[in-house]
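Student: Residues per chain, in single letters:
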Amino acid sequence: MTEITGNPPAGKKPSLILELISPKIFTLVAVMIAWQFLSVANDRWHFYNATLVPSPLGILAAGIDLWRQGTLWPHIAASCIRVLEGMAIAIPIGILLAYLVATYRWAAVIFDPIIELVRPIPSLALLPLFIVWFGIGELTKIAFISYSAFFIIYVATLEAIRDVDPILMRAAGSLGFSPRQTAYHVTFQAVFPHVMVAVRIALATSWFVIVGAEFLAANEGLGYLINVSRVWFQINTMMAGAALIGLLGLGSNYLLLSLERRLFAWRDRTHS
Amino acid sequence: MVGQIVVEQVGKTFGGRPGSPAFTAITGLSCEISENEFVCLLGPSGCGKSTLLGFIAGHDRPTSGRVSFKGRDIRGPGPERGMVFQQYALFPWYTVQKNVSLGLEAKRLDRARIDEITERVLKAVNLWEHRDRFPRELSGGMKQRAAIARTLAIEPEVMLMDEPFGALDEQTRERLQDELLGIWQKSRRTVVFVTHSVEESVVLADRILVMGRGGRIVSDMANPVPRPRDRLSNDFIDFERQVQLKLREAEQAGASAHRG
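From first to last, the protein sequence lines stand for chains F and D. Following the numbering used here, the numbering of the first sequence begins with 806 at its first residue and continues without gaps. Following the numbering used here, the numbering of the second sequence begins with 1308 at its first residue and continues without gaps.
There's no promise every hint is true.
[Stated by the list, open to error] Sample of chain F residues lacking proximity to chain D, with all beta carbon distances greater than 10 angstroms (derived): (1) Lys829; (2) Asn847; (3) Val858; (4) Gly875; (5) Ala882; (6) Ile886; (7) Ile915; (8) Leu944; (9) Ala1009; (10) Asn1032; (11) Leu1064.
[As the list claims (entries may be wrong)] Here are a few chain F residues that face chain D, going by a calculated C-beta distance under 7 angstroms: (12) Leu973; (13) Ala976; (14) Gly978; (15) Ser979; (16) Leu980; (17) Gln986; (18) Trp1071.
[Stated by the list, open to error] Okay, the calculated bits of chain D under chain F, using three or more residues with CB under 8 angstroms as the criterion: (19) 1364-1377; (20) 1390-1396.
Hints were generated in silico from the structure; no laboratory data involved. Just so you know, these numbers come straight off a predicted model, no measurement behind them. Ideal Cβ placement from N, Cα and C applies to all residues, glycine included.
Bound-form chain D, shown alone (with noise of 0.2 angstroms):
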């Protein structure tokens, strides 16, 4: 089967510019995703898992190999590929039914569509009584639910999401993590989500990409937890260790590789 999302030996270099050496940050990248997946990309900060969500998203460019989406060279952004920001990116002068309603005015939809969709996915994520505010009057969590409503509104075939829940605070996280997986069963659709955080990969995830230093996928995990998931059960916690313990290795792997 061939993956809705393929990446081919992609390779990122960094800077090079005069007195500043160049930075590899991805070299020989390869993995693919399957339509409807639910894959973590798991690693330590500075590992390059972001940057290769930015090339799915079509934000930035590999300087060697292809990423592709349906058997298609991705060149740049586009709708099909919905994003969700770590610092959300809602437009602030805007309230939070317009920043939901813009993506669907550019897909040209006729007005009563546009707000028949846009109750819809703010009543999804509980904001339809904040819909008047801007973003500045929002909490954190109410932010991030109001990106991931305009990111839903205009239904991507891929949700890419930048360690999302990265700057909110744990309960906010856990809640938003299961309302993430509330909708997503609902509606599925394939989701790449970015983290460093073991247990949220676990909780989410299908599939776990475990990447080390220097941009390698050192792991390639299923996750064997059945859904609905509980934190605190034995298989959940089992899985977290062995992710965890792959974890490490590839860190110290990493760690050993730039020393030597």
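Next comes chain F alone, as it looks inside the complex (with noise of 0.2 angstroms):
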């Protein structure tokens, strides 16, 4: 009944990051092999246009040629910085809001109805009128990322906490906790994994928003790039843009994922 589940010897492990990614990466690297061959292909047999869709070679030339006359890192910084940005803003609000509104009915009177109604609106639907309200500056573009990130953070803290396990609420209790302990001991340790799940779905989404914010309103980013690379038509920049903004969510996500291996080690180890 009471057999030893060997712990796994710490320091086995290479690193965490690596172990996650190294089985995927070699799809990426086979799809990227298969598409190059295509564009060798065509290159002789003209099945499509190949101004239209470059290969593989081509887009990461067009990367390197930008990276060479320098302009490549200041777009990339420039998102990122957005992003962080307005990522931390949106984390601390929603969780904030989150937690009045569980917590306090009055929160819930006044915050819940306003948020719900404004929640199903598309955030680029607003993009527009935020132009108008802030001007075309930094301040716009932190804005809509926080905004369009902060529903995603509330309503999955908010679900979360309303589904923190009521026993372990009532075992809070009966071992004489306080409101601070159970907060932080219970409700907090059990609504953080979700709220980490929150982070990196509305990471995925600030990318997506930051873009068309850059469309409309910025002269540098990764979303200014693409556009004003449309107006001379350079597909490769356009389409290295675009991967960029890829591994950059890709590489966001993957750090988020080993940060979440690292913190919540009582989820994966089990008994066997």
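Two chains, two separate frames, one set of hints: put the complex together.
Tutor: Below, the structure is given as structure tokens:
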């Protein structure tokens, strides 16, 4: 009945990030190679217009060109900073409001109907309004990202707080926890993993909306790069911009996933 | 002698929402439990025994009557009335050791004292070497021992146990019953233990309150079997049969009452 499950020896795992991506990276490499072969074949037999659909190496070359010209990094940095700033505002506000609404009747009465009314409106539909209100500076883009990410964090946190196992709350009461101890040791600990998942989803959404915002109101950033390349019909650069957003999204997702694995080890280690 | 826990004319009605008829779980239930007594609430599922335990724990309030502890009305949960749940209710994000020490941190003891008590209770339930494991890494029996250790650590005046061994296999259950008795005999305190197993109540209790459907106490039986109890002795089996008969009577009476 009480056999010992050997704890995994510490220090055996090389790197969590490596462990997460290593088998999957082959899929990406295989797709790229296949695409490159198709492009080479197309150069010879012309099944499609190669100007409209560049090859992976062509896209890579466009990216390297941008890098050499020194314009790539400012675009990446501009977009990344906007996303990070927007998330940094959305996360605490989303969590705080969810906590208030879940805990206090007055907060639910005041905030819940307003949030639920505004939430179904696609945030891109409000982008022109944001531009009218806040101009075309950084404020608009950061406010817009925060706005879009907020709902995801808020809804997930609220649901998670309401889903905390009531028996754990009872156990906390019978152990004599103060309200503060219960909030930290039970509610927060139970909700934290769900918030992390919401952060990952919100991050993906942020990349989604930042590009939209940069199409309309920016003079740097990856969205701007894509849009301005369209004007000059630089398909390679447009696709390089899109690929970079893909890579940044992928990278940030894996980073957060590996952080989750570290933080929530208690979920993965099971009795066998 | 006035009991440590006094239950007077308690009733509980659930529901009564539009469309669903109100359901009465308990009506006019009274009983007293004395200090250091080991009492089993025995009855079929749905008889209201867990509901009654919930009142004593302060997790739920009766719709009528009063429940008091040492002369004071119970208004909410508290560490003087520790609870052990059938579903263990360990905090899955903390190790066994942290689960046990949290209740002591709530008591604002100093670190050295917390560590000392945690070690003592974990050794008492044979979990000290597994202290760094998370609940998910434990078997059912180990989880329940951790939960018992967590409650023992805060030294409650009453231990409330809601079918704590109900989800465990036979062998584990018997072993944990013996371990629990060993601990109880070393440091006496009041135990209110809910079970639907006649054998379990005869092994453990000083006194068995047999409950029937509709939340009534049908019989209040003192356990005459001397400790340590042998599950195979004649005394044991005789008393077990008496309790079984009372339980059957209660169920039949309850069934006819429901039909009528």
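Student: Each hint: holds or not?
Tutor: Hints, verified against the model:
Non-interface status of F/Lys829 relative to chain D is upheld: no Cβ of that chain comes within 10 angstroms, the nearest being about 26 angstroms off. Every CB of chain D is more than 10 angstroms from the CB of F/Asn847 (nearest about 53 angstroms), matching its label as outside the interface. At roughly 49 angstroms from the closest C-beta of chain D, the C-beta of F/Val858 stays outside 10 angstroms, upholding its exclusion from the interface. Listed as a non-interface residue, F/Gly875 keeps its Cβ farther than 10 angstroms from every Cβ of chain D; the least gap is roughly 47 angstroms.
With a least beta-carbon separation of about 37 angstroms from chain D, F/Ala882 lies farther than 10 angstroms from that chain, consistent with its non-interface assignment. The beta carbon of F/Ile886 sits about 33 angstroms from the closest Cβ of chain D, which is more than 10 angstroms, so the claim that it is off the interface holds. Every beta carbon of chain D lies more than 10 angstroms from that of F/Ile915, the smallest distance being close to 27 angstroms; the non-interface claim holds. Every Cβ of chain D is farther than 10 angstroms from the Cβ of F/Leu944; the closest lies at roughly 39 angstroms, confirming the non-interface assignment.
Taking the minimum C-beta to C-beta distance to chain D, about 26 angstroms, the non-interface status of F/Ala1009 holds against the 10 angstroms cut. Once the 10 angstroms rule is applied to beta carbons, F/Asn1032 is consistent with being away from chain D; the minimum gap is 45 angstroms. Non-interface status of F/Leu1064 relative to chain D is upheld: no Cβ of that chain comes within 10 angstroms, the nearest being about 15 angstroms off. Contact between F/Leu973 and chain D, as hinted, is supported at the beta carbon level, the nearest pair being about 6 angstroms apart and thus within 7 angstroms.
Of the supplied interface hints, the one on F/Ala976 holds, with its beta-carbon coming within about 4 angstroms of a beta-carbon of chain D, less than 7 angstroms. The restraint placing F/Gly978 at the interface with chain D holds, with a minimum CB-CB distance near 3 angstroms, inside the 7 angstroms limit. Using the Cβ-Cβ criterion of 7 angstroms, the hint placing F/Ser979 at the interface with chain D is satisfied: the shortest such distance is roughly 4 angstroms. Hint status for F/Leu980: holds, given a least beta-carbon distance of 4 angstroms to chain D, under 7 angstroms.
Proximity of F/Gln986 to chain D holds as hinted, the smallest CB-CB distance being about 6 angstroms (cut-off 7 angstroms). Look at F/Trp1071: its Cβ gets to within about 4 angstroms of chain D, closer than 7 angstroms, so that hint holds up. Counting residues of the region 1364-1377 of chain D whose C-beta lies closer than 8 angstroms to any C-beta of chain F gives 3; at least three are required, and the coverage claim holds. Only residues whose beta carbon comes within less than 8 angstroms of a beta carbon in chain F count, and the region 1390-1396 of chain D has 4; three or more means the coverage holds.
This entry satisfies every hint, going by the numbered hints stated previously.
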